[in-house]
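Visitor: Each chain, written out:
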Amino acid sequence: MSGVGRGLVASADITGRATGETSVAPSRLRRVWRTTRAAISQVPRAGCACFVIAFLNAAIWGIVVPPFQVPDEITHFGYAQYLAETGKLPPQGPVAQYSAQEQQTLGNLDFFSVIGHAQMHGILTNAEDKAFRAAQGTEPSPIGAGGTSSSTNQPPLYYALETIPYWLSPSSNILTRLALMRLLSALMAAGTVLAIFMFLRELLPRTPWCWTTGALVVAFQPTFNFIAAGVQGDNLLFLTSALTFLLLLRTYRRGLTPGRGVALGAVVAAGTLSKLTYISLVPGIALAVALLMLRAMPAGRRSAFKAAAVTVSVAIVPFLIYAALNMVVWHRGGPTAGGIAAATNSALPSGGTITMNETLDYTWELFLPKLWFMNHVYFLQYPLWHVWLDGSIGHFGWLDYSFPAWVYADGQDLVYVLAALALVGLVRLRTRIFSMFPIFFCFGVMAVGLFGAIGYAGIRYRLSTGFAFEQARYLFPLAVFYGLFVVLAARGVGRRWAPALGAVLVVLAMAHGLFAETLTISRYYG
Amino acid sequence: MRVRVALAIALSVVAGVLVVDMSGRAPRTAGSDHVSALIFAAAIPGDGTLCQAMGALSADAARVQMVIGTYGRPVPPLVIRFEAENAELVARGLLTGAREGPVTIPLTHISAARPSTRACIHVNGNTKVVIGGEGVPVSAGAELVNGRQRPGRISLLYFRSGNESWWQLLPTLSTRFGLAKTPIFGDWTLPFVALMLLGVWMGTVRLLLRELS
Chain A
1 MSGVGRGLVA SADITGRATG ETSVAPSRLR RVWRTTRAAI SQVPRAGCAC FVIAFLNAAI
61 WGIVVPPFQV PDEITHFGYA QYLAETGKLP PQGPVAQYSA QEQQTLGNLD FFSVIGHAQM
121 HGILTNAEDK AFRAAQGTEP SPIGAGGTSS STNQPPLYYA LETIPYWLSP SSNILTRLAL
181 MRLLSALMAA GTVLAIFMFL RELLPRTPWC WTTGALVVAF QPTFNFIAAG VQGDNLLFLT
241 SALTFLLLLR TYRRGLTPGR GVALGAVVAA GTLSKLTYIS LVPGIALAVA LLMLRAMPAG
301 RRSAFKAAAV TVSVAIVPFL IYAALNMVVW HRGGPTAGGI AAATNSALPS GGTITMNETL
361 DYTWELFLPK LWFMNHVYFL QYPLWHVWLD GSIGHFGWLD YSFPAWVYAD GQDLVYVLAA
421 LALVGLVRLR TRIFSMFPIF FCFGVMAVGL FGAIGYAGIR YRLSTGFAFE QARYLFPLAV
481 FYGLFVVLAA RGVGRRWAPA LGAVLVVLAM AHGLFAETLT ISRYYG
Chain Z
1 MRVRVALAIA LSVVAGVLVV DMSGRAPRTA GSDHVSALIF AAAIPGDGTL CQAMGALSAD
61 AARVQMVIGT YGRPVPPLVI RFEAENAELV ARGLLTGARE GPVTIPLTHI SAARPSTRAC
121 IHVNGNTKVV IGGEGVPVSA GAELVNGRQR PGRISLLYFR SGNESWWQLL PTLSTRFGLA
181 KTPIFGDWTL PFVALMLLGV WMGTVRLLLR ELS
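Just so you know, the protein sequences line up as chains A and Z, in that order. If you number the first sequence the way the numbering used here does, the last residue is 526 and the count never jumps. If you number the second sequence the way the numbering used here does, the last residue is 213 and the count never jumps.
A hint or two may mislead.
To be verified - Far from chain Z, some chain A residues (derived; all Cβ distances over 12 Å):
#1 Phe112
#2 Val114
#3 Ala118
#4 Asp129
#5 Ile143
#6 Ser150
#7 Trp167
#8 Cys210
#9 Thr212
#10 Phe220
#11 Thr257
#12 Pro283
#13 Leu371
Said to hold, decoys possible - What the simulated footprint calls covered on chain A by chain Z, stretch by stretch (three residues with Cβ under 8 Å from a Cβ of chain Z suffice, anywhere in the stretch; the number is not a length):
#14 296-309
#15 496-507
Stated by the list, open to error - Label-pair distances were calculated between CB atoms; the ranges are:
#16 Z:Pro137 x A:Ser350: 45 to 51 Å
#17 A:Met374 x Z:Arg206: 50 to 56 Å
#18 A:Ala100 x Z:Trp188: 52 to 58 Å
#19 Z:Ala43 x A:Asn345: 41 to 47 Å
#20 Z:Asp21 x A:Arg428: 36 to 42 Å
#21 A:His386 x Z:Leu170: 34 to 40 Å
#22 Z:Met1 x A:Ile321: 53 to 59 Å
It is worth saying that the hints were derived from the structure and are not from the lab. Note that beta-carbon positions come from the ideal geometry of N, C-alpha and C, so glycine has one too.
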């Protein structure tokens, strides 16, 4: 036994309290394990099947998309590699963003000539591949300097999890590690799909076909899968967001208890530690927790307060620790490592300042038609179609290739039809939905928070850099509503035909994914 | 029954569209020199020659595409040569009677004994020609115009012979699919992925039949 081990045993034996704690801890762990197992055993077989289907589909995408071709994958991998190699978060600063190993690999892959140029395919011949392998054989250092990149100011949870496949990799080859790390993203995507399945089960417990339909349309959604294909922090954001909606709905239906409070708090903590975007959902979540507490009060004020306090504590404490560590130990330039400051900086390089009026106009125009009194024109095309719908149908790679134009035009027509059907479906389900109006109101506040965050950061980025900020994937924390929308549309045709339409819509989603994959193959290999 | 019929029809339509899509014939790429035609990166005077270092020309490269500008004049005859390290001619092409813009030059492979290491373009006649590419610092990889190094590289896109369907390209795609990825992957990866996808589809259809019927 090591000296440290001996010391731990001795201290546990000497003080009765310490001995007591060591015996309590395993029993608590056993209880948590039993609860987790019981929760997993409650997942219907169809939910497990959706999980497996989603995982395999995302894993296929992970093989189809060449290394580093998922948006921002180079920076996300760089963060995870730095953390894996040093055990520390990137210090940021004007030093190299990537390790010599990653930098050299990007150069050998001709990465910078491929992104943004759809006619450039990268390495296509055996001779080029041989030269690539030979150049890779020089084995430069995988330890970088952790310089500032677009992801280094994000919290570390996703990257900490990615260090597991990084180190489990049987080879130190960067591309083998990347391939394994991509599988973890695929696993998170599958978790998101399962959470959507469970959300729909909670919402519509008497119609099991709806759960499968809603989950599968997300499982085959190509933009969702393109992100799931890569090392990308958004994957954990999507998972924690979907779990948040699930747990809020579940708690609304079943009541707030300390146990559910711990689960909800843990998911919120994981969300805030996955990506700062998640914070935009927090006002809505806080409102929902207040609502849940109020609903729990008739059964006992004290227990309601206790459950709410547990929820808030479990949610907040990890983030506070992270913020304190950023400031005191890691010295990463503020509690959020400069992440919030970068997204909310209103000063323009030209010297001007972005006003709140401009921000509100921008955010409105980003999602809704411009009103007569709005002076600023920020978009030449209506973003609801051009950014959000077309982007969801598919703008792939580093936004450098897409479907033929007719696909987007027909997609718009299809959305009109589905929206009309969903409206009918909503009317048919009005009793059920309206009985849950308060929690759906909170979901609405969460969605508005997300829209606001996108608009707030978007106008600052656009006016500072001249580049567009918005991408359809930014709305994917609301993926549960994508599944719900399709389910409502299917229900719009009436009880007799609804499952048949649901099946057709799933096949349509599968076809959407399939042709996005063939498009991707033609982009990079054709 | 309704779900079965709906699934059968929907899957048949998807299969039909996939067959039609895969059967579409078009020019297929055979690689490039990894340079995009972003600007006119080279100016070759009449009777001048541009040479630049490059990777090996693929054996299936039957045509090369460049973007050429002549300021409204007819494009003069051009000769493109791909040479090995010892100046041995690997392949060559001749362009005549073209208009400025993207031009495609058919290639004739002369020798496959050694890989090409540089491409040279000779402009016949008196017209100055500019060629699309990227600006790069003067270095060993930069272009040489009449023997003098210039800060640019021209873009060369290679295409395979004729028009091909995706079915015809499948063996080539299988090879390409395993390149520049983890060494675990290889020629087997694309067929494996196709089978995996088929399995996912079959599993999904089975699940839909079980849950929605």
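Visitor: Please go over all the hints and tell whether each is borne out by the structure.
Guide: Going through the hints against the structure:
1. Separation of Phe112 (chain A) from chain Z is inadequate, the least Cβ-Cβ distance of about 9 Å not exceeding the 12 Å criterion.
2. Not every Cβ of chain Z is farther than 12 Å from the Cβ of Val114 (chain A); the closest lies at roughly 8 Å, contradicting the non-interface assignment.
3. With 12 Å as the threshold on Cβ separation, the claim that Ala118 (chain A) sits away from chain Z is violated: the shortest Cβ distance comes to roughly 10 Å.
4. Distance check for Asp129 (chain A) against chain Z: the nearest CB is about 4 Å away, which does not clear 12 Å, and the non-interface claim fails.
5. For Ile143 (chain A), the condition that its CB be more than 12 Å from all CB atoms of chain Z holds, with the nearest at approximately 21 Å.
6. Every beta carbon of chain Z lies more than 12 Å from that of Ser150 (chain A), the smallest distance being close to 23 Å; the non-interface claim holds.
7. With a least beta-carbon separation of about 16 Å from chain Z, Trp167 (chain A) lies farther than 12 Å from that chain, consistent with its non-interface assignment.
8. Its closest Cβ contact with chain Z, about 9 Å, brings Cys210 (chain A) to no more than 12 Å, contrary to its assignment away from the interface.
9. For Thr212 (chain A), the condition that its CB be more than 12 Å from all CB atoms of chain Z is violated, with the nearest at approximately 4 Å.
10. Its closest Cβ contact with chain Z, about 8 Å, brings Phe220 (chain A) to no more than 12 Å, contrary to its assignment away from the interface.
11. The Cβ of Thr257 (chain A) lies farther than 12 Å from every Cβ of chain Z, with a closest approach of about 31 Å, so its non-interface assignment holds.
12. Against the 12 Å criterion, Pro283 (chain A) stays outside the reach of chain Z, whose nearest CB is about 37 Å from its own CB.
13. Every C-beta of chain Z lies more than 12 Å from that of Leu371 (chain A), the closest at about 40 Å, which supports listing it as non-interface.
14. Here the region 296-309 of chain A counts 0 residues with a CB under 8 Å from a CB of chain Z, which misses the bar of 3, and the coverage is violated.
15. Interface restraint, the region 496-507 of chain A with chain Z: holds (10 residues with C-beta to C-beta distance below 8 Å; minimum three).
16. Roughly 30 Å separates the CB atoms of Pro137 (chain Z) and Ser350 (chain A), a value that falls outside the hinted 45 to 51 Å.
17. Here the CB-CB span from Met374 (chain A) to Arg206 (chain Z) is close to 52 Å, well matched to the stated 50 to 56 Å.
18. Taken as a hint, the range 52 to 58 Å is violated for the pair Ala100 (chain A) and Trp188 (chain Z), whose Cβ atoms sit roughly 32 Å apart.
19. As the Cβ distance of Ala43 (chain Z) to Asn345 (chain A) is approximately 43 Å, the hint placing it in 41 to 47 Å holds.
20. A hinted range of 36 to 42 Å holds for the C-beta pair Asp21 (chain Z) and Arg428 (chain A), which are about 37 Å apart.
21. Between His386 (chain A) and Leu170 (chain Z) the beta carbons are some 35 Å apart, a value that agrees with the proposed interval 34 to 40 Å.
22. For the pair Met1 (chain Z) and Ile321 (chain A), the supplied restraint of 53 to 59 Å holds, since their beta-carbon distance comes to about 58 Å.
In terms of the numbered hints stated before, the structure departs from hints 1, 2, 3, 4, 8, 9, 10, 14, 16, 18, listed from lowest to highest.
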